Amino acid sequence: MRFRTCTSPHLIPGHSVGGVMRQVLYALVPGTLAMTWFFGWGVLVNVSLAILFSVLFEALMVAARGRPVLATLGDSSAILAGWLFALAIPPLAPVWVLLIGTAFAIVVAKHLYGGLGYNPFNPAMVGYVVVLVSFPRELSLWPSPEGLTNASLTFLQTLQTTLTGRLPDGMEWDAITRASPLDMMRESIVSGQTVTEVTQSPLFGSFSQTEWEWAGNLFLLGGLWLLYRRVITWHIPVSMLLTLATVAGIFWVMDPDYFASPAFHVFSGAAIIGAFFIATDPVSAATTPKGRILFGAGIGLLTYVIRTWGGYPDAVAFAVLLMNMVAPTLDHYTRPRIFGHSRDRHG
Amino acid sequence: MQLHRFHGGLKLPDHKAESTVHPLLTMGVPKYLYVPLSQHIGAPTEPLVQPGDRVLKGQRISQAKDYICAHVHAPTSGRIKDIVDHPIPHPSCLSAPCIVIESDAHDQWGDTRLPAWPDWRERDARSLRERVRAAGIVGMGGAAFPTAAKLNPRAGKRIHTLVVNGAECEPYISCDDILMRTYPEAILEGARIVAHILGAEQVLFAVEDNKPEALRALTDARPAEEADFIRIISIPSIYPTGGERQLIQVLTGREVPSTGLPADLGIVCQNTGTLKAIRDAVLHGQPLISRIVTVTGPGIREPRNVQALIGTTFADLVAAAGGYAPGVDRLVMGGPMMGFAIGDDAVPVIKGTNCLLATRVEDTQAPGPVMPCIRCGECTRVCPANLLPQQLYWFAKGKDFDSVQDYGLFDCIECGCCAHVCPSNIPLVQYYRFAKQEIWGREKERQKADIARERFEYRQLRQEREEQEKAERLARKKAALAKKDTDPDKKTAIDGAIERARAKKAAQSNEEASPADRERADS
Chain W
1 MRFRTCTSPH
11 LIPGHSVGGV
21 MRQVLYALVP
31 GTLAMTWFFG
41 WGVLVNVSLA
51 ILFSVLFEAL
61 MVAARGRPVL
71 ATLGDSSAIL
81 AGWLFALAIP
91 PLAPVWVLLI
101 GTAFAIVVAK
111 HLYGGLGYNP
121 FNPAMVGYVV
131 VLVSFPRELS
141 LWPSPEGLTN
151 ASLTFLQTLQ
161 TTLTGRLPDG
171 MEWDAITRAS
181 PLDMMRESIV
191 SGQTVTEVTQ
201 SPLFGSFSQT
211 EWEWAGNLFL
221 LGGLWLLYRR
231 VITWHIPVSM
241 LLTLATVAGI
251 FWVMDPDYFA
261 SPAFHVFSGA
271 AIIGAFFIAT
281 DPVSAATTPK
291 GRILFGAGIG
301 LLTYVIRTWG
311 GYPDAVAFAV
321 LLMNMVAPTL
331 DHYTRPRIFG
341 HSRDRHG
Chain E
1001 MQLHRFHGGL
1011 KLPDHKAEST
1021 VHPLLTMGVP
1031 KYLYVPLSQH
1041 IGAPTEPLVQ
1051 PGDRVLKGQR
1061 ISQAKDYICA
1071 HVHAPTSGRI
1081 KDIVDHPIPH
1091 PSCLSAPCIV
1101 IESDAHDQWG
1111 DTRLPAWPDW
1121 RERDARSLRE
1131 RVRAAGIVGM
1141 GGAAFPTAAK
1151 LNPRAGKRIH
1161 TLVVNGAECE
1171 PYISCDDILM
1181 RTYPEAILEG
1191 ARIVAHILGA
1201 EQVLFAVEDN
1211 KPEALRALTD
1221 ARPAEEADFI
1231 RIISIPSIYP
1241 TGGERQLIQV
1251 LTGREVPSTG
1261 LPADLGIVCQ
1271 NTGTLKAIRD
1281 AVLHGQPLIS
1291 RIVTVTGPGI
1301 REPRNVQALI
1311 GTTFADLVAA
1321 AGGYAPGVDR
1331 LVMGGPMMGF
1341 AIGDDAVPVI
1351 KGTNCLLATR
1361 VEDTQAPGPV
1371 MPCIRCGECT
1381 RVCPANLLPQ
1391 QLYWFAKGKD
1401 FDSVQDYGLF
1411 DCIECGCCAH
1421 VCPSNIPLVQ
1431 YYRFAKQEIW
1441 GREKERQKAD
1451 IARERFEYRQ
1461 LRQEREEQEK
1471 AERLARKKAA
1481 LAKKDTDPDK
1491 KTAIDGAIER
1501 ARAKKAAQSN
1511 EEASPADRER
1521 ADS
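As they're listed, the protein sequences go chains W and E.
Here the first sequence is numbered in the numbering used here, starting from 1 and rising by one per residue.
Here the second sequence is numbered in the numbering used here, starting from 1001 and rising by one per residue.
Excised from the complex, chain E in its bound form (with noise of 0.2 Å):
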C-alpha cells in the first residue's frame, strides 16, 4: 500500500521495550476506589448511588444526561463510601467530584451484565450504537471522546474506511502495543463490528513498525479471507503520526480540512483500546471498567503495563509496578509529548490513563531558564500542521489574539514537536494553551455579553412598548371623556363643581389653577 508523508516530525527514543518485557499484569482489587463523575469529553454525569449504597460490578452508578457524555459504572462490587471531591487527573491539579467505592473484595457481577450478543450481526447500527452508548465506552487514546456520539456521523456522510489507530507515538507508551500482542483478535472482532455499525467497506489497521510482535499477532489473527477487507498496515514511526489527521494522511495521502472531521472525508478513526472495550460490551454485555496502563519511565522500579480498574490510584499503580525508583520527581499521566504532570499520586486511573510515566530530574526538561528565541525555525521544520510556531509565540506573547488566530492557533494539535526542539528551552505549547485559553474566554464573555445586551434591548422595547400601550389607553379613555363631556347633564353638573372648586381655590390662593389642576379635576 502506498503510504504518504505529513509535514515535519520527530524520531524520538521510543523508549518501548522498558515496559514491554513483562507480559501484562492484572492487578488485584484495590481496597477503594475513586471514581470521577467526568472523565471524558462533554457534560459531567449525574450520580445514581448514594453514599451507604451496596453496588455490584458492572452496574450503573452515574448517569449521562447529554448527548456527548458517558456513563460510569462501577468497577467493582462494594459499599458507596462517599461522593466527595478528590483529585483527578488534570493539569490543574483540582480535585473533582468522585464516587468512592469500597471494595467488599468478592469482585461480584451479579446480573448487571447486558444481555450478551453473538448475534451482532443482525442487529442495526441504532441498537449497537445504543449498547456502546450504555458501556460507557470512550475513546482510549487519551482524548476520552464519548465513542457512541463519534460513532453517528453527521446526516449525510458515508463512511466508506474505518481507519484503526495502532500508532502509539509517543515514547514510552505500549499500552496498545501489549494489548495488541495479548487480544489480537478481540481488537479485529471490535474492528467488524464498528465497521457494520458504521457502514464501513474496509478498514485500515495501522501499527507503527517498532511494534513487529502487535503486527505479527495481528496478521496471525486476521484469518486470510478478510485480507482485503482489513488491512494491517505498517507505517514509518515518526511522532505524531498517531494523531488523527495525521495518520489519516499518512494512509491516504488526504488532509482533512481545517475546521472539519474525518467524517468529511467518509473515515472514522478509532483507537485499538476502544474497539477491544466495543467488542466485549457487545459479545459479553461488559460496560468500560477496566484499561492498560503502562506504568513505566526511570522513575519506576519496575516498569510494565497493568490492567488496572477504573478509579484505581496512580499510588497502587505504582505499587503493582514495583514501587517508585530513587530520585522520582515527575510523574506524568500520558507520554512525554502530550502528557501532563501529576501533582500527586492520589488521583484515580480514568478511562482515558494511557499511561503513567515518572521520571526523574536527570531525564527531563528543566522549566527554565528560558533563552530568547533567536528565530532558527526548528519548531517550523519539525511541525506537524505546518504552522509557524515561533510567530504563534510572538503573538501569543504579546496578547495579539487576532494575528495568532490569522496565523492558525486553533491547527495547532499540541503535538510538542516545536517545544522538543526549541533550542531556547521555550515551553512553546503553553503559550499556545494559554492564548486559546484566552480566546475562549473572550468569546464566552462576548457571548455573555450578547446576552445581556439582547436582554437590555428587549427591556427597552418592552418600556417603549407599555409606554405606548400607556399612551394608546389614555388616549381612548380622552376621547371616551370627551364625548362623554358632550353629555349636556353631566356637563352642567361637572361644570358647575368646577366653578366652585375654582372660587374655593381662588379664595384660598389667588391663584389661577393650570389647565393640568382642570384636567385632574375632570378625571
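Pulled out of the complex, with its shape left as it was, chain W reads as follows (with noise of 0.2 Å):
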C-alpha cells in the first residue's frame, strides 16, 4: 500500500495564528465593554466601524496583492489592529479620523511593509500616531461621563455624531468633553497647580478619574487571562509597568508636588492596554526573553519621559513605534546561551 509522505511533525498543531488573535479579541471585550459603560455608544461605533474599515482594506490589499483573500482574512489579523485603534480614539471623533487612522495602519503600516508578520512597526499605533499629530483639535475630545449622562446621548444620536462629526442640536461639546486625567495633569501643574490638588478632585479615585481606572482594571484582567492562556509572556507588560512605576516613583519621592504618583501613570492613559496589548504584539517587538524585558523597559521608560517633558499628554504610542525601531537590534544582542555552549559565546 502506498502512502503520501509529509515532514514531521505528525501530529495536530495546538495553535494558529488565528486562534491566538481571536483570543487577544476576547481579552479586550471586559475592558472594551468598561469604556463603553462610561464613554457612551461612541467606543462601540468606533470599535465596530474601525474593524469594518480595517478588515476592507485588508481585502483590499491582500486582493491587490494577489494573496488569498478568505484565508488571510481568517487570521484576524486586521480586526485586531482596527480594534485597538479604536479604542485610542476618543468615541465621538468623527468618521473620517477613523477612515484615514484604519488606511495608514493597514494599507501602509502593514501591507506596504509585505503583510502579516514583515511590519517593522505597530499597525495600529502607526494609524493613532498618524491621526494623533493630524487632527489635534479632534483626537482631544474625550466625552466626560457626567456630561453624557446629562446629554443622554443614544445610539442613534452618536453614530449621527461619529458620521456628520457635528453633535445633534442643542449640544455642546464643551458640555459633554472634559480633559482626560493626563490632560489635566499636565495643565494643571503647568498652571501651579500641585498633583495633590488635582487628585483631589472629586473626579479622581484612588489613583486617577474613576473610569480611566475601570477600564485599566479591566484590560488589566484581559492581559492577565492572556498572561494564564500563555497567549502573551510577562516579559515585555511586567518590564513596562515595572519601569513606568519605578521612574515614576523616582521622580514623585523627589517632589510629589511636581510628579504624579506611579499609580496614577500607570493607571492613567493607555499605560495597562499598552503594556499588555499593545506592546507584546510580536511582529514588531522583540521576541528573545532578555530582548523583551528590554523593549518592555525602554517603552515604560519613553513613556514616562514624553509624557512629563514631551509635546503630547500620554506617549505609549509613540514610545512603542520607537522601540519598533530598535527591536531587531535588541534581539540581536539578547541571544540566549545555547545549550552545551559556553556563557561568553554572545554578550
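In short, the hints are calculated from the structure, not lab data.
Keep in mind that this is a model prediction, so the values were computed, not measured.
Ideal Cβ placement from N, Cα and C applies to all residues, glycine included.
Be aware that one or more of the hints could be misleading.
Only part of the chain W face toward chain E is listed, based on derived beta-carbon distances under 7 Å [as the list claims (entries may be wrong)]: (1) Thr196; (2) Pro282; (3) Thr287.
Only pairs whose alpha carbons sit at most 30 Å apart, straight line, appear in this in silico BS3-like list of lysine-lysine [to be verified]: (4) Lys1397(E) / Lys290(W); (5) Lys1399(E) / Lys290(W); (6) Lys1504(E) / Lys1477(E); (7) Lys1436(E) / Lys290(W).
Two chains, two separate frames, one set of hints: put the complex together.
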C-alpha cells in the first residue's frame, strides 16, 4: 500500500495564528465594555466601524497583492488592529478620523511592508499617531461620563455624531467633554497647581479618574487572562509597567508636588492596555526573553519621559513605535546561551 | 535524587495506553524478509552470501568493513532469493540494496550462535566489545549508531556513569515500556555487562513517570543490595527528555558540550532495547535479528507491540496488528515528533525501527497552508537547545548559511517542538534539515575543490621541477659539449663540416644561418 509523505511533526498542532489573534480579541472585551459603560455608545460605534474599515482595507490590499483573501482574513489580525486603533480614538471622533487612521494602519504600516509578519511598526499605533499629529482637536475631545449622562446621547445620536462630525442640536462639545487625567495633570501643573490639588478633585478615584481606572482594571483582567492562556509572556508587560512605575516613583519621591505618583501613571492613559495588548504585538516587538524585558523597559521609560517633558499628554504610542525601531537590534544582542555552549559566546 | 530541568520542552498527550493494553505479541516468521545492507549510521556492509545460498538463523550474511558499521545476520533460516534494491525506511522513499530471504519455515539456528558467556564477568572489556560488534548491535532507540564504537570512548575518557535511557518520551511509542515490563531482569543484566565494559561505578536508569508498571517491574527485578549501584529514577514526562543530552541534564544538571560527547562528562548513555540485545549476545551468543516494534495509531485496528524479525515488511507487521483502520492516510516510522513518513508499506523493519505509526487525516497537521511567521516566540520558549528557532528559520529561508550556523543550527536536535507549537504551521525542522544538508553539501564541495586545487598545484610544481631538471640536463650537456669543443681535432672537423654546410646553404638561399641553426647543427 502506498502513502503520501509529509514532514514531521505528525500531530495536531496546538495553535494557529487566527486562534492566537482571537484570544486577544476576547481579552479586549471586558475593557471595551467598561469603556462603553463610561464613555457611551461611541466606543462601540468606533470599534465596529474601525474593524469594518480595517477588514475592507485588508481585503483590498490582499487582493491587490494576489494573495488568498478569505484565508488571510481568517487570521483576524486586521480585526485586532482596527479594534486597538478604535480604543485609542475619542468615542465621538468623526468617521473620517477612523477611515484615515485604519488606512494608514492597514495599507501603509502593514501591507506596504509585506503584510502580517513583516511590519516593523505596530500598525494600530502608526494609524493612531498619524491621526493624533494630524487632527489634534478631534483627538482631544474625550467625553466625560457626567457630561454624557446629562446629555443622554442615544445610540442613534452617537452614530449620527460620528458620521457627520456634529453633535445633535442643542448640545455643546464643552458640555460633554473634559480633559483626560493626563491632560488635566499636565495643564494643572503647568498652571502652578500641585499634584495633590489635582488628585483631590472629586473626579479622581484612588489613583486616576474613576472611569480610566476601571477601564484599566478590566484591560488588566484581559491581560492576565492572556498571560494565563500563554498568548503573551510576562516579560513585556511586567518590565514596561515596572519601569514606568519605578521611574515615576523616583521623581515622585523627589518632588510629590510636581510629579504625579507611580499609580497615577500606571492607571492613566494607555499604560495598561499598552503593556498587555499593544507592546506585546509579537511581530513588531523583540522576541528573545531578555530582549523583551529591555523592549518593555524602554517603552516604560520613554512613556514617562514623553508624558512628563514631551509635547503630548500620553506617550505609549510614541514609545512603542520608537522601541519597534530597536527591536531587531535588541534581538541581536540578547541571544540566549545555547545548550552546551559556554556563557561568553554571545555578549 | 535531585533532578534538574532542561529549557523548554512540551507536555504532549502520550497516547501510549492504546498499544500497551495488549501483551507483547511474537510474530510468526513471514515468507519473505527484506534485510537492508545498511541499517545503521556509518558505512554499508558487504554481503557474504549469493542468491541461491541456504542460510541458517543467526548466520552472518553481510559483513562490516568499517569501524563505524555493524554486521547483518539472517533473521531466520531459508534461501537467499536475491540481493536487490528494495524500498527502505528512509525519508527519501528511495530503494537500497537488501538481501531477500525466503523463509523455509523451520527457523533453524544450527550452530550459528556464538559461544554463551555466562561467565562474562571474567572477560575483559575488549572481548566483550568484540562480542557486541560480532552480534551486529546498534543503538535501538532509533539512531542506530553501532554500539561497539559507543562502548569504546576515546582514550583518556574515564567513564563513571552509565545512563540507561528508558524515557521513551515521544507520544505513541511504547516498545521500551513493554520491554521493561516484560524483560526487566534481562535489561538489568545488560546494564551490568555494559557497566563492566565501561568500568562505570554507577548506573542511572531513567524512566518517565508515565510508565509506572515499567518502573515497578524494574524495581522488583533489581536485587536490594544493588540499590546503590543501579539507581532506578522516575523522571518527569516532558518531551524530549529522552534526548541523550536532555536526559543527562535532567539527571546530572550538566550540559554535554556543544561539540563534545557525553563521554566528555564521563557518561555513556544506552537505550533499554540495546541493553537487552547486548545481554542476549553475551549470555546466549545471539546476534541482533529481531526487535520490538510498536504498531499503533488511529490508523491501526488493534494497536500493540510486536516482537518482529528484522526484515519483516511493514505490511506484514500491520497485518499482525489487525490491519489498517478505515481512513488511514499517513504511515510514519518512529514517533509523531521525529519520525518520518513512509511512502510504501513494503519497507522492512530495521534494527532502529521502534514504532510504526499510522494516522488518519484528522489526526495530523495538514501540510498547509503556511502562514507568515508572526515572531510570537513560542518556538523559543519550547526549544530544548535554547535556540531562537524563528531566527534560524529566517536565515535558512534566506540561505544565509553563515548566520544560521552562528545562531546554532548544528545544536538543533530536530526534536520538532518548535514546529509543533508554531501557530503559522511552518515546517520549521524541514528548513533546518535543508540548511544542514546544504552546508554539508557545500563543505563536501569545498573539500573536493581543495583536493582538486592541491592536485593542480602539485602538477604545476611537478611541471616546474621537470622544466628545471630539463634545463639543468641541457646545461650539463652544453657544458660537456663546450668541453668537447676545446678538443682540437674534433673542432676542426666540426668547423669544416659547418663551413661546408654554410656554403651549401648560402648557395641555396643566400641567407645567413641564424645562431640557432648553428646550434642545431652543433648538436
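To see whether the hints hold, each was checked on the structure:
no.: 1; hint: Thr196; in the structure: 43 Å, violated
no.: 2; hint: Pro282; in the structure: 4 Å, holds
no.: 3; hint: Thr287; in the structure: 4 Å, holds
no.: 4; hint: Lys1397(E) / Lys290(W); in the structure: 25 Å, holds
no.: 5; hint: Lys1399(E) / Lys290(W); in the structure: 27 Å, holds
no.: 6; hint: Lys1504(E) / Lys1477(E); in the structure: 28 Å, holds
no.: 7; hint: Lys1436(E) / Lys290(W); in the structure: 28 Å, holds
Violated hint: 1 only; the structure is consistent with all others.
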